[in-house]
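Here the protein sequences come in this chain order: A and B.
According to our numbering, the residues represented by the first sequence are 5 to 395, in order.
According to our numbering, the residues represented by the second sequence are 5 to 395, in order.
Treat the hints with care, since some could be wrong.
One copy or two, either will do: identical chains are not told apart, so a pair holds if it fits within one copy or between any two.
Each computed DSSO-like pair below joins lysine-lysine, with the alpha-carbon atoms no more than 30 Å apart [unchecked claim]: (1) Lys204 / Lys326; (2) Lys304 / Lys319; (3) Lys61 / Lys31; (4) Lys9 / Lys200; (5) Lys340 / Lys394; (6) Lys90 / Lys16; (7) Lys16 / Lys79; (8) Lys90 / Lys154; (9) Lys336 / Lys66; (10) Lys232 / Lys153; (11) Lys267 / Lys351; (12) Lys351 / Lys53; (13) Lys347 / Lys232; (14) Lys121 / Lys53; (15) Lys12 / Lys145; (16) Lys12 / Lys79.
Simulated from the structure, these hints should not be mistaken for lab results.
Number of protein chains: 2
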Amino acid sequence: MINEKMLKLGTKRSIIREIFEYGKQRKAEIGEENVFDFTLGNPSIPAPKEINEAVIKNLERKDAHGYTSAVGDNKFREAIANDLNKRFNTNFKFNNFFITYGAASALCSTLRALLNKNEEVITFAPFFTEYTVFTEAQGGKLVVVPADKKSFQINFNAFVKKINKKTKAVIINSPNNPSGVVYSEETIIKLTNILKDKEKEFGHEIYLISDEPYREIAYGVTVPFVTKYYHNAIVCYSYSKSLSLPGERIGYVLVPDEVTDSKNVYAAVAGAARALGHVCAPSLMQFAIADCANLTSDLKAYEENRNLIYKGLKKLGYKCVKPDGAFYLFVKALEKDAYEFYKKALKYDILVVPSDDFGVKGYVRIAYCVSKETIINSLPKFELLMKEYKK
Amino acid sequence: MINEKMLKLGTKRSIIREIFEYGKQRKAEIGEENVFDFTLGNPSIPAPKEINEAVIKNLERKDAHGYTSAVGDNKFREAIANDLNKRFNTNFKFNNFFITYGAASALCSTLRALLNKNEEVITFAPFFTEYTVFTEAQGGKLVVVPADKKSFQINFNAFVKKINKKTKAVIINSPNNPSGVVYSEETIIKLTNILKDKEKEFGHEIYLISDEPYREIAYGVTVPFVTKYYHNAIVCYSYSKSLSLPGERIGYVLVPDEVTDSKNVYAAVAGAARALGHVCAPSLMQFAIADCANLTSDLKAYEENRNLIYKGLKKLGYKCVKPDGAFYLFVKALEKDAYEFYKKALKYDILVVPSDDFGVKGYVRIAYCVSKETIINSLPKFELLMKEYKK
């Protein structure tokens, strides 16, 4: 009688949450330091102190808690434009930005704005599991291109077979959750060239939606800024990772002027946000981040963690593509069934996420946004796990 | 090519926003004190000082900016349950509450959770204009029962003609935006008795969705707590008005145990929130409000305003039902066409909202959440306006 789809979405626990809950219980039993919990992509580095200072400062505004405009605070939007223009040599103005409740709301508003019934959205495995939920709830169908397991860049042969007249948008996520891989400039050029050709062939727009909450978390590689490569690129961003503010739900949709009918696309994003019940993003936090738009948390610790765990696991004989960004490592399971491997790892109190829900079989995701000690102390356990498979 | 409905929602400016923008411009021209702007329902009383203190205190939590659980922080949910139980002699537990991005997100999540295609939602004129947007975007159809213009309680004769097998839910909003009227206990009993009968007649649940952001703003009358009168009542709340925090986007959906299959309804609300891109409500503000759940802003000023403007306008010969709550007055226009009346009022720099979008013709809404001076100084202007019509 109630909506069955929503009931299913609300009752089907995500495997990540399930493992997380198990981890909580296990920590209570044997002590936090003895559980090696690599489950959640929750920033372990605190927000920069300037954020809290800015919160306190902005509390004194008369409008600290008032509605901002539905599209977001103008000064905040200006600060974002200035920051990006400086770093990427772009030419954005404040009114290219629509402020959202983080990346999830940015993606949902964008998809709802673009999609008509039965249109398709393509993404590339491995991919963030919620893309399926967001796309279907906004009336579309998510089409998954299988992974290129050698590099976890894009499997272009498979992609050109999937793209068709119904394709309305393509979602990319680089640096990638769960692989940690950064799409190279070569990949972005190849992808956008195909999109340009297909736009001509099909005679309609194909939007490239770049979901990039991990943009600032990259180690010694450049993350190509997609709007410079493709006219119909729309960026969905969140401050959850770069400023370690996942709970504050602030992000944006960037609709560059180069997008076909960009004013209408922007207006449709605003209309979609309204239809989804997003009135305006939280005001005090908009004001605070406006003062810190050019900052990030001290992200170096993630790179140290990456080096530690990547080298450590490689040395033990584990196989994985070197991740250049985000805070994830995508490791080949030591048996075919990732879920079975995950369960064996549990015996050593190692908590990792089997890859099936990310659209690839036979891997596990390790979220290394944890303390250095957790990584160091986990390595002997990973060694025991490896030994069990070699028996 | 993009979604036409969303484009329309994003481009069609609401009349309220239009008037508001005009007001801003006019204030720049002739000085703020010379424009009598009764357009927006934006709290004029500041948040209690305890809120800012709680924000600063909670900034010191290690998890101040971290994700809370998707359903909301447990301590916050507990504080809400305790506060309601104390005031209304109810028996709620923390897990009856799902924390949302304010009332808009609460309503959208609830509607999406309940509605299947082509089902109907009934509401009573005058009504908050966004109900149409929210209901249609979640797949339903909004059916409006015409107003009882004598009292702005419920027009029951019209209601029983509209309710039918397709009716899945009824939305009420008391204290009401835009009329300021509080539904009496008699009204609530009559309404819920009809709903109980119709549930039996049709053999399925009919949910009563009570949108009550103005619950705490009532002057000497009791606002009946609906869950005590009806088993399938779901409450949508926001701290926007009672704590003067409209920009912070914190509210909740309350699904009492008495609701049929309440666990499933709650799960469907959670699933719907997920589908709409609501990850968790802003964390720092959840923690801060948890410490202030039993407080309100100093709401007395609204009552003073109500008395001033109600008595003042009555004395001048204006007609309106005495509002016992919220901060709105619904005044009969001095000519048939409310829009024409609104335009005449503009000549005296009085800014009010014509009633057409609220589902009633021939009235204007006066939002008296303004300074006392604005009201006092507006009365001679209202007198001139009245004189113009008496000429």
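Verification of the supplied hints:
1. Lys204 / Lys326: Classified as neither: same-chain Cα gap 36 Å, cross-chain 63 Å, threshold 30 Å.
2. Lys304 / Lys319: within (23 Å within a copy, 70 Å between copies)
3. Lys61 / Lys31: Intra 38 Å, inter 28 Å, cutoff 30 Å: inter-copy only.
4. Lys9 / Lys200: Classified as between; 27 Å across copies, 36 Å inside a copy.
5. Lys340 / Lys394: Close inside one copy (15 Å), not across copies (87 Å); limit 30 Å.
6. Lys90 / Lys16: This pair counts as neither: shortest intra-copy Cα distance 44 Å, inter-copy 34 Å.
7. Lys16 / Lys79: Result: close only across copies, 24 Å inter versus 41 Å intra.
8. Lys90 / Lys154: Cα proximity of Lys90 and Lys154: none, with 35 Å in one copy and 61 Å across.
9. Lys336 / Lys66: neither (54 Å within a copy, 34 Å between copies)
10. Lys232 / Lys153: Classified as within: same-chain Cα gap 27 Å, cross-chain 58 Å, threshold 30 Å.
11. Lys267 / Lys351: Neither. Shortest intra-copy (55 Å) and inter-copy (34 Å) distances fail the 30 Å Cα cut-off.
12. Lys351 / Lys53: neither (39 Å within a copy, 51 Å between copies)
13. Lys347 / Lys232: Intra 44 Å, inter 48 Å, cutoff 30 Å: neither.
14. Lys121 / Lys53: Answer is neither; intra-copy 46 Å and inter-copy 49 Å both fail.
15. Lys12 / Lys145: both (17 Å within a copy, 23 Å between copies)
16. Lys12 / Lys79: Only across copies: Lys12 and Lys79 sit 27 Å apart there, 41 Å inside one copy, limit 30 Å.
Hints 1, 6, 8, 9, 11, 12, 13 and 14, counting from the list given before, are not met by this structure.
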